[in-house]
Amino acid sequence: MKSQKVYSDKHRWIVFGRDPDKPDQIIDTNQYMVVNGEHALLLDPGGIELFAPMLSAIVKEVPLENVKHLFASHQDPDIISSLGLWDQVLDDATLHSPWLWEGFIRHFGMKRIQYAAIPDEGGTIELGGLTLEFFPAHYLHSSGNFNVYDPAAKILFSGDIGAAIEPTDSPMFVENFDEHIPKMKMFHERWMPSNAAKNDWVARARALDIDMMLPQHGRIFKGDDVQRFLDWFEQLEVGTAVDRG
Amino acid sequence: MENHSTQQTIAIVKASAELHHAQQIARSLTISSKNLRTFAMRIGQTAAGLAILASFYEEFSRNAITLANKVSSLTLTSAKDSVEDWRTELFEGQLDKACLTIEPDSVPLTVQQHLGKRQLRIDTNRANLLAFDRDIRDSLLEMKKNIRSIAVIAVNSKIEAPKTGEHYGALLDMANNVEDMISLIMTHIDTATAYLNQRNLKSA
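Chains A and B, in that order, give the protein sequences. Heads up, the first sequence is in the working numbering, so the first residue is 712 and it goes up one at a time. Heads up, the second sequence is in the working numbering, so the first residue is 720 and it goes up one at a time.
These are computed hints drawn from the structure, not numbers from a lab. Predicted model, so just to flag it, every value in this text is computed and none were measured. Some hints could be false.
[As the list claims (entries may be wrong)] As a list, the in silico DSS-like pairs of lysine-lysine whose alpha-carbon atoms are at most 25 angstroms apart:
1) B:Lys816 <-> A:Lys822
2) A:Lys733 <-> A:Lys771
3) A:Lys779 <-> B:Lys816
4) B:Lys753 <-> B:Lys864
5) B:Lys816 <-> A:Lys713
6) A:Lys733 <-> B:Lys789
7) A:Lys771 <-> A:Lys721
8) A:Lys733 <-> A:Lys865
9) A:Lys865 <-> A:Lys822
10) A:Lys822 <-> B:Lys799
11) A:Lys721 <-> A:Lys894
12) A:Lys771 <-> B:Lys816
13) A:Lys716 <-> B:Lys799
14) A:Lys713 <-> B:Lys789
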């Protein structure tokens with residue numbers, strides 16, 4: 712499991728991913744951690760198959776005792792099926808996740824971690840004085856779904872929005888947006904169900920000040936590529952399986 | 720922490736993190752050893768002993784890196800194995816619970832077979848853990864020996880320093896820096912060893 716700092720100032724954003732030892736059949740994922748002083752938030756901690764390399768990678772960055780918050784953008788197994796194992800190693804931790812999925816996510820096993828249900832309209836989390844916003848992204852792709860926006864770092868963790876399916880040796884950042892489009896197209900057309908939800912999200916995202924957009928699969932967008940993505944996504948027709956039916 | 724397997728996993732992962740930090744510092748030692756060689760070449764015959772020290776230093780720092788890579792890889796493999804055991808233990812716990820609610824004659828054959836192999840799995844894991852423990856302790860001891868040898872070189876560099884004239888201050892700084900790095904590496908190795916000692920292998 713590789714780890715890389717993507718932002719480092721008064722607080723840090725670290726991406727974990729591109730695990731060369733990952734079983735071939737499971738989709739590659741990016742996990743993120745925000746660290747502010749002695750407070751760490753783990754975003755979309757990953758599937759059960761990734762638990763061991765993730766645990767090893769995290770403790771190289773922060774003491775395990777500092778991880779007090781988890782965030783799951785939605786209920787998918789590649790996002791949070793490791794929950795039952797995190798539940799055993801984290802003391803006094805809280806999982807922030809959509810209210811809609813609480814009864815479902817608990818099926819992954821959760822005895823000790825607290826569930827903090829995020830209402831549909833979103834909310835905030837305080838991480839040692841740093842405020843992060845839960846930004847609604849419902850139906851993109853999950854019916855209860857959130858991104859995380861960091862106004863101080865101008866970073867948007869976008870979950871499955873902006874995702875691309877690529878091999879584990881791919882670069883961490885988008886280098887040529889036009890060449891990147893084919894890697895994202897099918898993912899968004901097929902996994903995203905609603906044009907109305909997509910257009911609403913694009914309009915709200917345009918109002919944010921974003922330097923970097925961090926998806927849960929594929930490459931990170933930075934600078935002008937963020938706006939290029941918003942333009943591309945806005946004109947894309949999604950929910951394509953309906954037309955094929 | 721809920722159970723013994725969890726504690727094993729946490730201990731090994733924390734040890735792995737400590738050794739990762741030791742490995743990162745060991746990389747800086749190789750850079751420093753190259754700097755010492757450059758110094759020795761620049762100074763020439765007036766500090767011939769320094770050239771010999773530089774070549775030893777390079778060799779020991781290379782060894783330290785090789786050993787650090789080995790222990791890092793060993794601990795990562797062990798961490799993965801430990802999580803695998805832990806998951807199996809959770810699974811067996813669920814099978815036990817299910818069996819409590821099934822008539823003994825009705826327990827599926829595959830479940831019986833799985834639970835029947837439990838002791839063998841536990842014994843095999845214990846043997847693997849003990850073998851890993853021996854390997855990693857041997858490697859850590861060897862690493863410590865290497866680091867101590869580098870410490871001796873740092874001291875000797877300080878002794879040679881007055882012969883280097885205008886380079887005296889820079890050489891002294893370098894030797895002090897090496898001593899600081901060594902001290903940090905030793906701390907990480909000792910902390911890793913303490914984590915490994917937390918694991919009670921007899922009851923694994």
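Status of each hint after checking the structure:
Using a Cα cut-off of 25 angstroms, the hinted pair Lys816 (chain B) and Lys822 (chain A) holds, with the two alpha carbons roughly 17 angstroms apart. For the proposed pair Lys733 (chain A) and Lys771 (chain A), the alpha carbon gap of about 19 angstroms is at most 25 angstroms, so the pair holds. Proposed proximity of Lys779 (chain A) and Lys816 (chain B) is contradicted: the alpha carbons are some 31 angstroms apart, above 25 angstroms. Distance check on the hinted pair: Lys753 (chain B) and Lys864 (chain B) sit about 21 angstroms apart at the alpha-carbon level, within 25 angstroms; holds.
Distance restraint check for Lys816 (chain B) and Lys713 (chain A): the Cα-Cα separation of roughly 38 angstroms exceeds the 25 angstroms cut-off, and the hinted pair is therefore not satisfied. Only pairs whose Cα atoms come within 25 angstroms are accepted, and Lys733 (chain A) paired with Lys789 (chain B) is accepted, the gap being roughly 21 angstroms. For the hint linking Lys771 (chain A) to Lys721 (chain A), the alpha-carbon distance of about 19 angstroms falls within 25 angstroms, and the restraint holds. Between Lys733 (chain A) and Lys865 (chain A) the CA atoms are separated by roughly 31 angstroms; this puts the pair beyond 25 angstroms, and the hint is violated.
Using a Cα cut-off of 25 angstroms, the hinted pair Lys865 (chain A) and Lys822 (chain A) is violated, with the two alpha carbons roughly 35 angstroms apart. Under the criterion of a C-alpha separation no larger than 25 angstroms, the hint pairing Lys822 (chain A) with Lys799 (chain B) is consistent with the structure, at around 23 angstroms. Among the hinted pairs, Lys721 (chain A) with Lys894 (chain A) is inconsistent with the structure: their alpha-carbon atoms are about 34 angstroms apart, more than 25 angstroms. The hinted pair formed by Lys771 (chain A) and Lys816 (chain B) fails the criterion: a straight-line CA distance of about 37 angstroms is larger than 25 angstroms.
The suggested pairing of Lys716 (chain A) with Lys799 (chain B) holds, with an alpha-carbon distance near 24 angstroms, which does not exceed 25 angstroms. For the proposed pair Lys713 (chain A) and Lys789 (chain B), the alpha carbon gap of about 18 angstroms is at most 25 angstroms, so the pair holds.
Hint compliance for this structure: hints 3, 5, 8, 9, 11, 12 are not met, and every other hint is.
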